[in-house]
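J.: So the protein lines, in turn, are chains R and L. All letters in the first sequence, in the order written, are residues 1 to 457 by our numbering. All letters in the second sequence, in the order written, are residues 1001 to 1405 by our numbering.
Since the hints were made in silico from the structure, they are not lab data. Since we're looking at a predicted model, the values are computed, not measured. Be aware that one or more of the hints could be misleading.
Said to hold, decoys possible - With beta-carbon atoms standing in for the labels, derived distance ranges: (1) R:L40 - L:A1016: 28 to 36 Å; (2) L:R1364 - R:R316: 53 to 61 Å; (3) L:A1016 - R:V16: 46 to 54 Å; (4) L:G1317 - R:T68: 43 to 51 Å; (5) L:A1387 - R:D218: 52 to 60 Å; (6) R:Q375 - L:G1317: 32 to 40 Å; (7) R:R426 - L:G1317: 22 to 30 Å; (8) L:R1031 - R:P154: 50 to 58 Å.
All residues carry an ideal CB built from backbone N, CA and C; glycine is no exception.
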Amino acid sequence: MAVSWRAVVLAALGLVPVAIWPVPGTVLLWAAVVAALCALDVALAASPRQVTVQRTVPSSVRLGTPTTSQVVLTNAGRRRLRALVRDAWPPSLVTARDDDGGLRPHTDPAEPARTARHTVDLPPGESARLRTPLLPTRRGERSAGAVTIRTVGPLRLAGRQASLDVGGRIRVLPEFASRRHLPSRLARLREMDGRAAVQVRGEGTEFDSLREYVVGDDVRSIDWRATARGGDVVVRTWRPERDRRVVVVLDTGRTSAARISTAVDGSVNTGGTRLEASVEAALLLGALADRAGDRFQVIAYDRVLRARVAGASGPRLLPAMADSLAAVEPVLLETDWPGLVAQVRARVSQRALVVLLTSLDPAVVETGLLPVVDQLSGTHQVVVAAVADAEVAAMRAGRGSVEEVYDAAAAARGDLERSAVAAVLRQHGAEVVEALPDQLAPRLADTYLALKAAGRL
Amino acid sequence: MSAPTASPTATWTSAAVTGDGTTLGSRSRRRWRTARWLVGGVAALLVAVLALALLRPVGSVVPYDPGNTRPNGSQALARVLERQGVQVQHVTHVADAVDAAVAGSTLLVVPAPYLLPEQVTALAGVDADLVLAGADDGLLRAATGDQVRRASWGSLPTSPVDPGCDLPAAVAAGPSLLEPGLKPTSPTVATCWSGPDGSAALAATERDGRQVVAVDDPAFLRNDDVLTEGNAALALHLLGSHDRLVWLVPDPTDSTVPGDPTAEPETGAVLPDWFDAALWWAVLVALVTAVWRSRRLGGLVTERLPVVVPSAESTRGRARLYRRARSRGHAAAGLRAATAQAVARRLGLARSAHPDTLVDAVVRATGRDPREVADLIYGPPPADDAALSELARRLDTLESEVHRP
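The shape of chain L in the complex, shown without the other chains (with noise of 0.2 Å):
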C-alpha cells in the first residue's frame, strides 16, 4: 500500500543565509533601546543615594549625645566644660564607662531604658562620683543603695521653685523648673527643689566616700533647656567637680558587662584575615557563573498546542453530584438500567420489553428465584453506601450468570 507521505525524497532547502542582518551600529542602539529605562533607573537611583547622603545632617543624632547640636543634644554643655578645663569622655558601652570612671572622675548617666540589671549593678559600683539624669527606677535605687526611688507622678511647678537645701550646686543654680519626680526613703538623703507633696528634683547622698546625685528631669543637659533659669549653674557644678568627666550614653544594643569573659567581642575578630578575600573570590566566581548560565544558545522556539478538553470530567462531574448529595437512588437506578439493558439485549429482548417479561426471561435463563432477580432490578433504593456496593457487586453477577438461552 502506499504511505500517506507526498513522496518520501521530497525535501525543501532553505536559501542560503549569512549573517542575521545586523551590524555592530544596529546592534547596539537595540541594545541601548532595551536597556535604557533599566539604566536610567539605576542612574536616578544612585544620584538620590548620593544626594541623600550629601545632605545627611552633621553630627550625632542621638538624644543627649555631647557631640549633638540640636535641640536634643548636649554639645553646648560639653563644650563650656571642655573650655572650662574639664576632659569629657564621651563612651556608648557600659564596659568602656566602669573602666574609665575612676577614682576622682565623674560618671554621667543619660536616661537608659535599655540596661540590663547586670550593667545596672556594674554602674551602680564605679569609684567615681555618679551623676544620674533621668534614670530608672532599677539604676537610681541600686546607685543609692535603695535610699532614693522614683516618685510614681510628679508635677511641674508653674513658677520657679527654690531649691531648699545646701548642695553647693543647688545654691549655686537657685530657683528652678524641674520636675520632681524623686522620693527619698532615708533621712540623709538631701533633696532639692521639693514639691508639696514630698517628691523632689535632686537627690543627693553619699556613698562608700562618692557622691551620688540624681536629677530627675533630664532637660538640664539639653540644648534647649541648659539656659532655662538656673540649669546651665546645676549642670556646671554637677559635672565639673572633677577634672575628667565620663559622658555615658547608652547604646540601646549594648550588652557589654565590664569583666565578663564572654563579653561581645569586635566585629569580625573571630573571622580570620583571608575572609574579607575569600569572600570576594566567591563573588567573583558567582558573577562569572551568572555570566555564563545568563546567556542562552539561541531563543526558546514555541508551538501552537490545540485546545484539550479532558472527556470524562463531565461523568465525573455527576458522579461527585451523585455522592454528595448521596443519592443512592440515581445511582442504583443507573446501575440496574444498564444492567437491565445489557441483559435485555444478550436475551433478545426489546429495549422498551416489559418489567415482568425480562424477568422472567433471566429466570429462565439462570435458574434463579423470581422474587430475587425482580427485587435486585427493579428493587428499592439501597439504604446507605455499602447497600449501593452490595448492589453493583450482584448486578455483576447477574450479568454474568446471564447467557443467551
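The shape of chain R in the complex, shown without the other chains (with noise of 0.2 Å):
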C-alpha cells in the first residue's frame, strides 16, 4: 500500500471542519474519514501484480554513449491501469534532464532519477511501451534493478505497490576516447609504406619493390645492378614488415588502482584509475597494430589471468578487446610479476613487441619488474609504459607558499627516482614511455610506429 501526496492534501483540508467545531473529535471523524477513503481507494486500484512487463536493453554499450532502455507494460487485469512505473537502474547509468532537455549523469543522491519515473494510464488489455534513457559513466557489467508499479484508485488518494524482478543487463565498453588520435596514426603508417629510403635499415625492414628515382631520395637507396640494367636510375623501396607480434599486458594489480587525475576533458567516464588509462592505450595500439599488420593480443593479469584477447584480428579485433577489458578492474593485490612472464611466455614463442602497462613506482618496480625484465628483453623488445599523475605534475611546478615549495621538492624527488627507474629498465633494454593519462595512448602508438619504422619489431 502507498499514499499520494493527496491523502496528504486531504488530510489537511480538515482545518475546515476543525475550525468550525474547533474539538478533538472532530479531528479524529476526519481521520477516520481519510483512512476510509484511502482504504476505498485501495480496494479499487487496480493490481500491480496482473501487469506484464517486459524489458528490452541493448546488450552492451559503449561508455558515454548515450543509450535507453526499454519496457512494455501490458495490463492483464480487468481493471483501467494507472500508475507510476520505475525502470530502475544503478547510479552509473541514471541520467538527469538539463533545463534544456539534454542529457547529463545523475550525480545528486538527494533527488530521484525522474528520467526512470513514467505515469501510465491503461484500459485492460492495452500495452505501453515506455523508454528510460541511460548514460553510462562507468566500465563494466551493470544489472538491472526491479521494475517497480505503483498503482493508483480512481480517487487517485492511495494504490497498490510491488516490484517485478525483470532482469537486465548492459555491459559497458570502454569509452575508446583515444581513437580521435588514429587517424593522424594511421597516416603515418601508410607514409612508412612505400617510403623510398628507410634511415636506419634494420634487420626486420623489409624489401618491397623498386621505382624510379625522384628528386629527394635517398642516393644510399639506389639499387645500381637494377639502374644498370635499365636505363633510368632506380631506387629500392621498403616497407615495414608485416605479421610481427603485439603483446600488450595490462597490471591490474594494487598501483592499476591509484586516482592519477579527474576525467579527461570532454568524457564523462568517472572511474579516473590508472587501468582506465592503459586500457585506451592498449584499445589504441590494438587497432593500429592491427591496421599495420601485426599479430595483436592483450592480457590482464595481476595474479591470476582477468581478460585475454588473441587470434582476433580486423574488424573482430576491437569489439572483442572492448568485450573481454569491459568488466577488468583493479583489485587490491601485488602483481605477480614471475607469473605475469610465464603467461608471456607461454603466449608468445617468436620474438614479439610485449608492452607492460603498469606504473613506474620506484619501490614496486625494483621488487617486482627489475628482477624478471631480462627474461623478457632477452627474447623480445619490450616497452614499459606507464601513466604519470597530473596531479603530481602540477605539484611539481607549484611555487604558490613554502608549502607549495616542499611539495615540489617532494614530487621532483618522485621524479628522480621514477626516472632513476627507468634508466634502469633501458639498460635492461627495454623501451620507457611515461605520460599523463590523456597523453599515454597516443605516445605509446608513437613509440610502436617508431620501433616499427627502425625494424625494431
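Make one complex out of these two single chains by using the hints.
T.: Right, here's the structure in full:
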C-alpha cells in the first residue's frame, strides 16, 4: 500500500471542519474519513501484480554513449491501470535532464531520478512502451534493478505497489576516447609504407619493390645493379615488416587502482584510475597494430589471468578487446611478475613486442619488474608504458607558498626516482614511456611506430 | 573504423514477467515475520506500563500530607481531627492557603524548605492562628516577629521531658521526646520542653491578636510517631482549637503569591479553545505525510564501486614529512637535482656528467657567472623557508634560460 500527496492534502483540508467545530473529536472523525477514503481507493486500485512487464536493453554499449532501456507494460487485469512506473538502474547509468532537455549523468543523490519514472494510464488489455534514457559513466557489467509499479485508485489518494524482478544487464564497454588519435597515426603508418628509404636499415625491414628515382630520394637507396640493367636510375623501396607479434599486458594489480586525475576533458568517464588510461592505450595500440598487419593480443593479469584476447584480427579485434576489457577492474593485490612473465612466454614463442602497461613506482618496479625484465627483453622487444599523475605534475610546478615549494620538492624527488628506474629499465633493454593519462595512448602509439620504422619489432 | 560495440543493434529482451510471485497470504506471512519482534516489543511495553499503573499505590506519597497513609504521612491525625468536627482543608499553594486562612481558623505549615521570601511574608501575615511544624529560620522569624530563632544544634532527649510551661496543649501532652531546636530571643515567648542549653521543642507567642506556635520537630504529625508519648494530644490541641484547619503542604514548584496580578495562571488558560483540536489536526497531517514519504518507489539499486587510491597521496605525505622536519636540505637537493637533470638533458649531457662539466655547459649556454651557477646547483642548503622559496624561483629562472647551444 502507498498513499499519494493527495491524501496529505485531504488530511490538511480537515482544517475547515476543525475551524467550525474546534474539538478533538472532529479531528478523530476526519482521520476516520481519510482512512476510509484511502482504504476504498486501495480496494478499487488495479493490482500491480496483474501487469505483464518485458524489458529490452542493448547487450553492450560504449561508455558515454546514451542508450535506452525499453519496458513494455501490458495491463493483464480487468481494471484500468493508472500507475507510476520506475525502471531502476544502477547509479552510474542513471541520467538527469538539463534545463534545455539534454541528458547528463545523475549525480545528486538527494534528488530522485525523474527520467526513470513514467506515468501510465492503460485500459484493460492494452500495452505501453516506456523508454528510460541511460548514460553509462563507468565501465563494466551493470545489472538492472526491479521494475516498480505503483497503481492508484480512481480517487488517486492511495494505491498498491509491487516490484517485479525482470532482469536485464548492460555491458559498458571502454570509452576508447583515444580513437581520435587513430587517423593521424594511420596516416603516418601509410607514409612509412612504400617509403623510398628508411634511415636505419634494420634487419627486419623488408624489401618491397623498385621504382624510379625522384629528386629527394636518398642516394644510398639507389639499386645500382637494377640501374645498370635499365636505363633509368632505380631505387629500392622498403615497407615495414608485417605479421609481427604485439602482446599488451595490462597490470591490474594494486598500482593500477591509483586515481591519477579527474576525467579527461569532455568525457563522462568517472573511473579515473590508472587502469582506465591503460585500457585506452591498449585499444589504440590494438587498432593501430591491426591496421599495420601485426598479430595483436592483450592480457590483463595481476595474480591470475583477468582477461585475454588473442587470435582476433580485422573488424573483430576491437569488439573482442572492448568486450573482454569491459569487466576488468583493479584489484588490491601485488602483481605476480614472475607469473606474468610466464604467461607471456607461454603465449608467444617468437620474438614479439611486449608492452607492459603498469606504473613506474620505484619500490614496486625494483621488487617486481626489474628482477624479471631480463627474461623478457632477452627474446622480445619490451616497452614499459606507465601512466603519470597529473596531480603530481601540477604539484611539481607549484611555487605559490612555502608549502607548495615543499610539495614541488617532493614531486621532484619522485620524478628523479622514477627517471632513475626508467634508466635502469633502459639498461635492461626496455623502452620506457611515461605520460599523463590523456597522453599515454598517443605516446605509446608513437613509440610503436618508431620501433616499427626502425625495424626493431 | 569500426566501433568497439559488438553490434550496435544487438539487444537483449527479458521474459514477460507478471506479478512478483507472491500472494496476499505469503506477503502477510513475510510482513509478520519481519514485524513480529517489533510488535512483541511494543506489546511487552504496553503490558509493563499497564501493570505499573495497576500496582501504583493509592493515595498520596508526599510527607505530612493529610491524605498519605504511609509512615511519613499524616492521614491518621487528619482523620481524627475530622471526626472531632474540624474541617480540614488541604492546600498545596501558598496563595490558596493565605486566602483560606481567615480569622478564626488555624493554618498549619508543614516543613517547607523551598518557600520564596514573598511567600514567607504572606504566610506570616495571615489572620489565622499559625502552627509551624519544622519551619526554617526565615519563616520562624517572620511569623514570630523575630522572637524565635532556630537553634544551631538540638540534641534528642533520651528520656521524656516534662513540658515545664502552662500552655494548655503542652500540659495536656505531658512528657515528650520531641527534639528541642528553638531559641527564644524575647521573654514574652512561652517555651515548653526546654533542653539544658535553653533551646525548646515548642515556642508559643501572641502576635497581633493571634497565636503563633512553632514546633521544631514535625514528627508529632507523622503516622508513625503520632502515638509516641503525648504527641497525639499536642497535635489535636494545637490543630483542633478552631473549627477550620488549613493544612498547607507546599508544592516545591509553587511560586504563587497572594494578590500578585502576575500570578501564574492555570496551565492552558492562555491558549485558545481550539488549540487542542488544531494540535491534533497537525498531528494527523504529519502522520499522513510520514506515511506518504515512507514508502519508496522500489528499492535502492546498488553498484560495486572499484577500489580507488589517490595516487598523489604518497608524494603529499613525503612533502609533509619534509615540512614537518624542516628538512630544507632534502627539499632543496630534490629541486636542484631535478633542475640539473633537466638542464643536462637539454644540453646533451649524460645523467652521470661531472658537476664541473655541467656548470661549464650551463655557463656557456647562459653566460652567467660560474660561481653563481655552481652555488645555485651545488651550493649549501638554504637557511630558512624563505631562502628555499627563493632557491626554487632562481632554479626556475635558470632552467628557463638554458637552451640548446
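J.: Kindly confirm whether 52 to 60 Å is satisfied by the beta carbon distance between L:A1387 and R:D218.
T.: holds, 56 Å
J.: Lying within 53 to 61 Å: is that true of the beta-carbon distance L:R1364 to R:R316?
T.: The hinted range 53 to 61 Å holds for L:R1364 and R:R316, with Cβ atoms some 58 Å apart.
J.: Could one say that the CB atoms of L:R1031 and R:P154 fall in the range 50 to 58 Å?
T.: violated, 26 Å
J.: Given a hint of 32 to 40 Å, does the C-beta separation of R:Q375 and L:G1317 actually sit inside it?
T.: holds, 34 Å
J.: Quick one: are L:A1016 and R:V16 within 46 to 54 Å, going by C-beta?
T.: holds, 48 Å
J.: Quick one: are R:R426 and L:G1317 within 22 to 30 Å, going by C-beta?
T.: This hint holds: roughly 29 Å between Cβ atoms.
J.: Quick check: does the Cβ-Cβ distance between R:L40 and L:A1016 fall within 28 to 36 Å?
T.: Given range 28 to 36 Å: holds, Cβ gap about 32 Å.
J.: Does the Cβ distance between L:G1317 and R:T68 fall inside 43 to 51 Å?
T.: holds, 46 Å
Hint compliance for this structure: hint 8 alone is broken.
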